[in-house]
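S.K.: Letter by letter, the chains look like this.
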Amino acid sequence: MSRPTSIRFLFAAVALLATTLPVTAASGASRPPQKLTVYAVPATVQFMNHADDRLRGMSANPFNLKADAVIIRTNGKEKGNGPFPGDDILYAFKLFADAKRAKPIGTAMFTCYYGFQKRATCESYFDLARGILLASGQVPFGASRFTLGVTGGTHAYLGALGQVDSRPASGNAQRFDLHMTGLAR
Amino acid sequence: MSRRPAAALAALAVVAIAVTTAVPVAPAATQGRSLVLYAKPARAEFVNHNDDRERGILKNPFGSDYLPTPPSANSAKKGARAGDNALFSLKLYSDRNLTRHVGTAIYSCTFNFAREAICDGHFQLRDGAMFAMGPANLGSGNLVLPVIGGTGRYSGAHGQLSSTWSSTKKTVQVIRFRLL
Chain A
1 MSRPTSIRFL FAAVALLATT LPVTAASGAS RPPQKLTVYA VPATVQFMNH
51 ADDRLRGMSA NPFNLKADAV IIRTNGKEKG NGPFPGDDIL YAFKLFADAK
101 RAKPIGTAMF TCYYGFQKRA TCESYFDLAR GILLASGQVP FGASRFTLGV
151 TGGTHAYLGA LGQVDSRPAS GNAQRFDLHM TGLAR
Chain B
1 MSRRPAAALA ALAVVAIAVT TAVPVAPAAT QGRSLVLYAK PARAEFVNHN
51 DDRERGILKN PFGSDYLPTP PSANSAKKGA RAGDNALFSL KLYSDRNLTR
101 HVGTAIYSCT FNFAREAICD GHFQLRDGAM FAMGPANLGS GNLVLPVIGG
151 TGRYSGAHGQ LSSTWSSTKK TVQVIRFRLL
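Residue numbers (the working numbering), protein chains in the order written: chain A, 1 to 185; chain B, 1 to 180.
Some hints could be false.
Said to hold, decoys possible - Within a straight-line C-alpha distance of at most 20 Å, the following computed EDC-like cross-link-like pairs (lysine to aspartate or glutamate) qualify: (1) 35/A to 165/A; (2) 91/B to 120/B; (3) 118/A to 177/A; (4) 59/B to 78/A; (5) 59/B to 52/A; (6) 35/A to 177/A; (7) 169/B to 116/B; (8) 35/A to 127/A; (9) 59/B to 127/A; (10) 94/A to 116/B; (11) 100/A to 52/A; (12) 79/A to 165/A.
What the hints assert, rightly or not - Anything over 12 Å on all C-beta distances counts as not near chain B; from chain A, calculated: (13) 35; (14) 62; (15) 100; (16) 124; (17) 133; (18) 145; (19) 157; (20) 161.
Said to hold, decoys possible - Partner residues are not named here, just some residues of chain B that face chain A (Cβ under 8 Å, in silico): (21) 53; (22) 55; (23) 60; (24) 82; (25) 135; (26) 144.
Hints are computed from structural coordinates only; laboratory data are not their basis. Yeah, the Cβ is synthetic: ideal placement off N, Cα and C, and Gly gets one too.
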């Protein structure tokens, strides 16, 4: 085989293979970034007080902890009302498309697990007509302004990444700006 | 260039392209980047946090701002109330006859309201793991969860999975991964 012939054969083989391979989900082919603003009103809340589990965990645990390091109690009682490490709280929200809350567009759920310094790690999902959007991140107790990372989505939000910015809105509402990137075509 | 080196180079190029564009899933890859697994439940554990729930209603950091949980939100007859946990382990197979065992899965779920839960799914396969998270109605057994990451061969996995009961074997879940 001559050199030009071998090169032509090589390119032909490469071209043939390239045309027969499946397009693998058009990696990198995503829709332009999208922003969706929703207004959330709390619908249901459940706080889980794990005081008994903390107390049990002080005496029976798999670590070699010094009691002083884990004790957050005075006179046999915990100081204040927490939230303490291990507590968790569940929030259900109704979502609206506008600040006047005229048009309901879905629901949201936050499940937050408290760690230290009254900071919670929250896992949330926004259940919208076109799919689920998932976000998680840290939220200090009582904070109304926080940011979560978008970690995924389903259906119209398949492949979603980005972030959720939260700030207070009028009344008892919370505004969430959903910034989405990486959405599949 | 002689005939053999040219042929070898062409073959090498073909292999290189095949390797670099290969679909990164192993068993039962169907089309594009999808993966179908068959899951058979192995174990389950339910953790009833009724005492923590009752204590949380009486003693919480919200004071008078606390929005009480409506009784209807926790009216499930068989438990599964807000804050309870459920753990499920499953054996994963690559074929519908459950002969080729390819890994295990575990779901860790925290119930919220109306018997819905947020579930964290971990799928351990021979060549890596995938992680998914999202809401699930555990009463129906059908769910669609975002896939949010992975390890090994599935490092950076992103997409969604859908899980439904098999039409032929009612105790088997058919899990379809769609990865981007």
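S.K.: Each of the hints needs a verdict: does it hold here or not?
M.R.: Each hint tested on the structure:
| no. | hint | result |
| --- | --- | --- |
| 1 | 35/A to 165/A | holds, 11 Å |
| 2 | 91/B to 120/B | holds, 16 Å |
| 3 | 118/A to 177/A | violated, 24 Å |
| 4 | 59/B to 78/A | holds, 11 Å |
| 5 | 59/B to 52/A | holds, 13 Å |
| 6 | 35/A to 177/A | holds, 7 Å |
| 7 | 169/B to 116/B | violated, 25 Å |
| 8 | 35/A to 127/A | holds, 16 Å |
| 9 | 59/B to 127/A | violated, 30 Å |
| 10 | 94/A to 116/B | holds, 15 Å |
| 11 | 100/A to 52/A | violated, 43 Å |
| 12 | 79/A to 165/A | violated, 32 Å |
| 13 | 35 | holds, 19 Å |
| 14 | 62 | holds, 18 Å |
| 15 | 100 | holds, 21 Å |
| 16 | 124 | violated, 9 Å |
| 17 | 133 | violated, 8 Å |
| 18 | 145 | holds, 17 Å |
| 19 | 157 | violated, 8 Å |
| 20 | 161 | violated, 8 Å |
| 21 | 53 | holds, 6 Å |
| 22 | 55 | holds, 4 Å |
| 23 | 60 | holds, 4 Å |
| 24 | 82 | holds, 4 Å |
| 25 | 135 | holds, 5 Å |
| 26 | 144 | holds, 5 Å |
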